[in-house]
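In order, the protein sequences belong to chains X and Y. In this text, residue positions in the first sequence follow the numbering used here: the first is 88, and each later residue adds one. In this text, residue positions in the second sequence follow the numbering used here: the first is 9, and each later residue adds one.
Honestly, the hints are just simulated from the structure, not real lab data. Note that this is a predicted model, so its numbers are computed, not measured. One or more of the hints may lead you astray.
Subject to a maximum C-alpha distance of 25 Å in a straight line, what follows is the list of computed BS3-like cross-link-like pairs (lysine-lysine) [as the list claims (entries may be wrong)]: (1) K430/X with K461/X; (2) K458/X with K143/Y; (3) K98/X with K279/Y; (4) K594/Y with K407/Y; (5) K337/X with K554/Y; (6) K446/X with K594/Y; (7) K565/Y with K554/Y; (8) K282/Y with K310/X; (9) K425/Y with K314/X; (10) K461/X with K282/Y; (11) K461/X with K263/Y; (12) K269/Y with K653/X; (13) K558/X with K258/Y; (14) K565/Y with K492/Y; (15) K461/X with K269/Y; (16) K314/X with K492/Y; (17) K138/Y with K446/X; (18) K458/X with K508/Y; (19) K458/X with K554/Y; (20) K98/X with K425/Y; (21) K446/X with K143/Y; (22) K430/X with K425/Y; (23) K263/Y with K639/X.
Far from chain Y, some chain X residues (derived; all Cβ distances over 10 Å) [unchecked claim]: (24) V470; (25) S575; (26) K733.
Ideal placement from N, C-alpha and C gives every residue a C-beta, glycine not left out.
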Amino acid sequence: MFLKKYLGAHKLAIFLCSVLFVFQAVFSLSVPYFMGEMINIGTQQKGIESPVPEIMKARAVDLFSKIIPDEEEKIFFSFYEKSADGDVYNLREDYDESEALRIYENAMTAGFYIITEITQGKTPDVEAEQINYMVEKVSLRTLYMYSDELSAFSDEEILGFYEKAQSAPEALKNQLASFTVSYFYDDAGIDCDEIQQKYIFKTGAIMVICVLLQVICIFLTGKITAKLSASVTGRLREEYLLHTAEFSSKQKRICDNDLYSVFSDDITNIGTVINYVMSAVLYAPIVSVGGILLSFTISPFLSMVVLATVVIVVAVLFILYKVAVPKYDNLQENYSLLVRFVKNGINRIYTIRTMRTQKLERARFSDVTEKVRKDESYVLKAVFTALSIVSLISNLVVAATVILSGNSLLSSRIGIGDIIAFLQYSVISVSAFTAIAAVIMFAPRAKVSFKKFSEVMSTPIPERPNSQGLKLSENCGHTVEFRNVGLSFENGGISDVSFTAEKGQITAIAAPTGCGKTTLFGLLTGSGESFDGEIFIDSQKLEEISIDSLRKRVSYAFSEPVLFSKSVKENLLLYGAEDNRNAVKKALNAASVDFVDNENMLLENGGNRLSGGQRGRISLAGALSKEAGIYIIDDCMKSVDVQTEKNILESLRKLSKTSAVILVTQRINSLIEADKVIVFNKNGIEAQGTHEQLLRTSDFYRELASLQGLEVTARE
Amino acid sequence: MSDEKSGVFKFRFDSGSKTVEDRANKKEIQKRLLKSLSAYKVKLILFAVVTLLYSVTFVIFPQKIGDIIDAFASSIIQYLLGLGDGSVFSEIIPYAIPAVAFFVANAVFALLQGYIVSDIITSYSANLRKAVMEKYDTLAVSFIDSTDHGKIISAMTQDVDALNQSLNLLLMRFVAPVITFAVIIITQLITNVTVGIISIVFCILGFSFTLLSERREKKAATKQQSDKGGLYSEAAEFYNGLAVLQNSGKVEERKQSLLEKIKDTSKASEKSQKFSVLQNCISELSVSLCIVFAMVASALMMADGGFSVGGLQCQFVYIRKLFSSSTDFSMIPGILRTAILSAGRIYDFLDIDSSETDGDLVPEKADSPNNIEFRDVTFRYNKESRYILKNVSFGVKRKGITVISGMTGAGKTTIIKLLLGFYQPQQGKVLFEGKDVSSLKKDDYFSKFNIIVQGSTLFDDTIENNISYGCENVSFEEIQRAAKLSGADEFITRRQDGYKTVFNSKSPNLSDGEIQLVLLARAFLRKREILVFDEATSGLDVIAEKKIIEALQEIAKESCVIVISHRTSSLSNSCDTINVSDSKVKM
């Protein structure tokens, strides 16, 4: 896997990102945690954090000691110290919290039972004011009010109430403790509303800090992810460029991908995937594990509900992946079928128009369109269905949590605030996974991109001798010799090609299209295609010559002109011209480029405003501008007029004095001008010789000539 | 998937930029777009209704959950007071059933919403494609020849696709969220004014910050786009001209410059992503702070006994949904841009003013021995190009083979294009039965022809259907007889699937010669006065060529056969030859 290698270099960044994700999860989950606290303490305990009162009036202590057994009383009041004036008792710093809470809760519950006993029959309208009624019932005020009745109970009876309180439901004790604590403060003349507001604002501030910290984490992880994906994309492009820069036609054929589109689109897709994976796929499990752990502290049973939900959501997404992705592939296929259909339709327009089959074609087009429509709608519907199911499930978990928590509320110490917190945890845990849905829909494209990228990268770079290869000496004969060369293609090939092209001569190659001449002469540029027989340059075997040396020696004018969106001069420089004015001018003249006034003229969009012939001439100028010993001019003149052809031939004639010129052409004027004509048929060389010789000896050549209006006398 | 927005669509039918006109044009396009959508009025209304129902059920569900939570509070107290029996279930069932009903309904509406949208957009795009295809069928061949095929293909495929996706996004990310947004805000204001106002304030804050950062991002994004554009165009040139650069030894130099550009682009893309990170932060910040503020406000209210815990939970759900729908709004301008751009290109295509002319029926056979005549024809494709034909005159006999020969590019195919009336000569006339071909009714005129043109290939269909292409109600026997006459039967029956062999244009499973034989079989099946046969490439072996010549000679016994050949094959000995060279013809 290529990606591993590239991501490996960023281990630290990924690690850092994961750590930050943990923090991000902690902060984002702490908001609901404090929310729960705010409801439990802020509203129910009136902002008093410990359910054990920190301050008690002396008369409250008296009352208190009446309803708890002596030994408990001893323990409880050992946590308090009397103030100087003896009017109030203050909670000591070092009190045992759990003991104090236990006794306090029991006392409040016992008080509740006692008052219930006393007020039996005197119950006011319970339905109307339940909460207030209950709170009133155990409030100090009520206890003060009934202090006479309280004294009427015997010690045994009081102990009975206390024992009953000890075995009372946890929830009841918990609630009673929370509800009553504020009365001790009221009693001591402390403003509870102020404490409450303070608590609410304090917790609110903590929550704001958590939010800010969470956002900082988001910012940092986002930045790291952006940097990572940008740098990995950059690295991929670099390596890709280094790998493909020496691709010849052979490698291009083997990997069978458009090198540019992989460079641009597919690598971008890979970058996008990295981004998605880092931001959604990595974070989701972290935050949902956090959410489940936190909900576990509230209720182990309910946390299992969340866990189950997460599992179900993952399963739904997996099913979506299994169902929608193949269909998505299908859609892509049908879509390319549609594109192909349109393309073919344009290519066959003459057939279709003359056979008047437009209607039939339209029907076929609708068929293909219908297929695309069906797939499109299937994929869309699958996604919508999955999203609805996910939302259904998350709603289900909310409902289930609330309903199931009812029982837990009674049997454990869960406060109503905990339920709120819990709901938020489950929402956060589940929604993190829904973000992955987007990644899933991107997966098929990414898969294709990965495939293409690795196809190109696993295509071996051509092995050609360079540093250890032979160097051609500078001033040699510039001779190219083909000896029994053969090429094989899928449907046919050429064999037994033997001829020599040398300095001082223009060698014309008259070959039908598609016989493989471009591949044949491409060998001289070091294309690395395999061939039979032997090729020699200055008596050196082609395979042994270093690639740099070969390229210095050979200049090749391609039959399909390629121009760069730069000035004419810069184009020539890229074709290998010496950087001086003379060389550029000379080459432009040689190729008869008479339509360019200024060599700095910009060729916009690769010169697409020029005609084919004009572009061909600039590209020819490029090839001629390079100082080389062997020039191969591949069919550059197919669309120039007769006069231009003559001019160019003249320059080639001059050029041939110092170099070997191979001119691939079928035009009769070029053939007449050439010193030697090699006539190819589909299988190899048909005949060779001068124009006059060939007219006499070759029927094939005569036909070629006569087609171009040359008066050819029949064979003698 | 922001990469979709860029890069793919580069075409415009009328070149040249025009900003002032563009704006008017944009309005025009919007109008047409809306008009085209009005055909889906019923479905769109249905969509709005379902979305409304979705929003309403969405809003009610958390209220029901809130009721349950509040019911707990009271049921617990009842239980503690010894009034209830401790069974919370019995207490909440009356609340739970509607809650479940509402969220199931909510999910159903969500699903329905999605289905309606996918129905609207898929049928919209299918219809649009059909309209484009119909337009394409009326376009003059000369126009199609001279227009970049990429533009046409793109109008028929990519642009429709892009418009399609934008519509999907507009409905799902704009129309639906706006409705949901409104319903939630209204509900919030009704149930709890304070929290409602808090969420409105935070929504506005979040949205304006998003807009602010987006404005900055746009700058960065355009820079990144241009950096990327620079990298991409340079890379495109690099790979396009790789062979040239390798030959000139300039690969290294270009490679270095590209590597430099890659680094720049990486930096730029990192920077532009930073802004989207910032946006993420803003949206998270506003939703979380909104929740915190709502919490604090509610806690203070609860202290005064004015608010229940269940109601609070309900508000949290609203706030989350509110923000998740409002962040989507920032994508709208981009989506609209894409929609208008691609719609504009499609409308440009639909508005092309170039259609085939039609005329009279072909007259009765004239007295002349020739049915086709070129009279002093001069032709070039456009003012810039050279003359292909200059004062060319010739006739073609009613029966027998006429060979048109000449070098590649000499103008042989042009003669056929003129003969078929797809192009008109600048001078002179092309006559059929004494009438100018451009004045003939195409259906009638073309019914005289069988044409196998250069580059003809088969359709991706069975061989059988390829032979019977364009003919209705032909029996298999007739097809087979035609194939036998053309000599195609032999290789067809050798294939495993015989006549049911499916041709694959992507990786051709028939050789060029075999394709031509099948095409000839088509000509045998449809008997016509004239057969035009463009020999296309020289990709035929000697045996195949001989077979085809025999087949042509067979057809020529009954009708006129025009063969285009770029070399004088053995045919030329026995028939009329028209040699095209240097804009002249020689008989």
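Going through the hints against the structure:
Among the hinted pairs, K430/X with K461/X is consistent with the structure: their alpha-carbon atoms are about 22 Å apart, no more than 25 Å. With a C-alpha separation of about 21 Å, the suggested pair K458/X and K143/Y falls inside the 25 Å cut-off, and the hint holds. Note on K98/X and K279/Y: the hinted pairing holds, with a Cα-Cα distance of about 22 Å set against a maximum of 25 Å. A distance of roughly 20 Å separates the Cα atoms of K594/Y and K407/Y; the hinted pair therefore holds under the 25 Å criterion.
Note on K337/X and K554/Y: the hinted pairing is violated, with a Cα-Cα distance of about 35 Å set against a maximum of 25 Å. With a CA separation close to 40 Å, the supplied pair K446/X and K594/Y exceeds the 25 Å bound. Proximity of K565/Y to K554/Y is assessed by CA-CA distance (about 17 Å); at most 25 Å being required, the pair is judged to hold. Between K282/Y and K310/X the CA atoms are separated by roughly 6 Å; this keeps the pair inside 25 Å, and the hint holds.
Taking the CA atoms of K425/Y and K314/X, the gap is near 58 Å; set against the 25 Å cutoff, the hint is violated. A threshold of 25 Å between alpha carbons decides the hint, and for K461/X with K282/Y the separation of about 39 Å lies outside it, so the pair is violated. With a CA separation close to 45 Å, the supplied pair K461/X and K263/Y exceeds the 25 Å bound. Proposed proximity of K269/Y and K653/X is supported: the alpha carbons are some 17 Å apart, at most 25 Å.
Proximity of K558/X to K258/Y is assessed by CA-CA distance (about 19 Å); at most 25 Å being required, the pair is judged to hold. Taking the CA atoms of K565/Y and K492/Y, the gap is near 17 Å; set against the 25 Å cutoff, the hint holds. Taking the CA atoms of K461/X and K269/Y, the gap is near 43 Å; set against the 25 Å cutoff, the hint is violated. For a cut-off of 25 Å, the pair hint linking K314/X to K492/Y is broken: about 68 Å separates their Cα positions.
A hinted pair counts as satisfied when its Cα atoms are at most 25 Å apart, and K138/Y with K446/X qualifies at roughly 12 Å. About 22 Å separates the Cα atoms of K458/X and K508/Y, which keeps this hinted pair within 25 Å; it holds. Proximity of K458/X to K554/Y is assessed by CA-CA distance (about 43 Å); at most 25 Å being required, the pair is judged violated. Restraint check: the Cα-Cα separation between K98/X and K425/Y comes to about 65 Å, which exceeds 25 Å; the hinted pair is violated.
Distance restraint check for K446/X and K143/Y: the Cα-Cα separation of roughly 12 Å lies within the 25 Å cut-off, and the hinted pair is therefore satisfied. Distance hint between K430/X and K425/Y is fulfilled; the C-alpha atoms sit about 20 Å from each other, no more than 25 Å. A threshold of 25 Å between alpha carbons decides the hint, and for K263/Y with K639/X the separation of about 19 Å falls inside it, so the pair holds. A cut-off of 10 Å between C-beta atoms contradicts the statement that V470/X is not in contact with chain Y; the least separation is 8 Å.
Under the 10 Å C-beta cut-off, the non-interface status given to S575/X relative to chain Y holds; the minimum distance is some 16 Å. Distance to chain Y confirms K733/X as a non-interface residue, since its nearest Cβ pair spans about 14 Å, more than 10 Å.
Taken one by one, the earlier hints fail for this structure at numbers 5, 6, 9, 10, 11, 15, 16, 19, 20 and 24, listed in ascending order.
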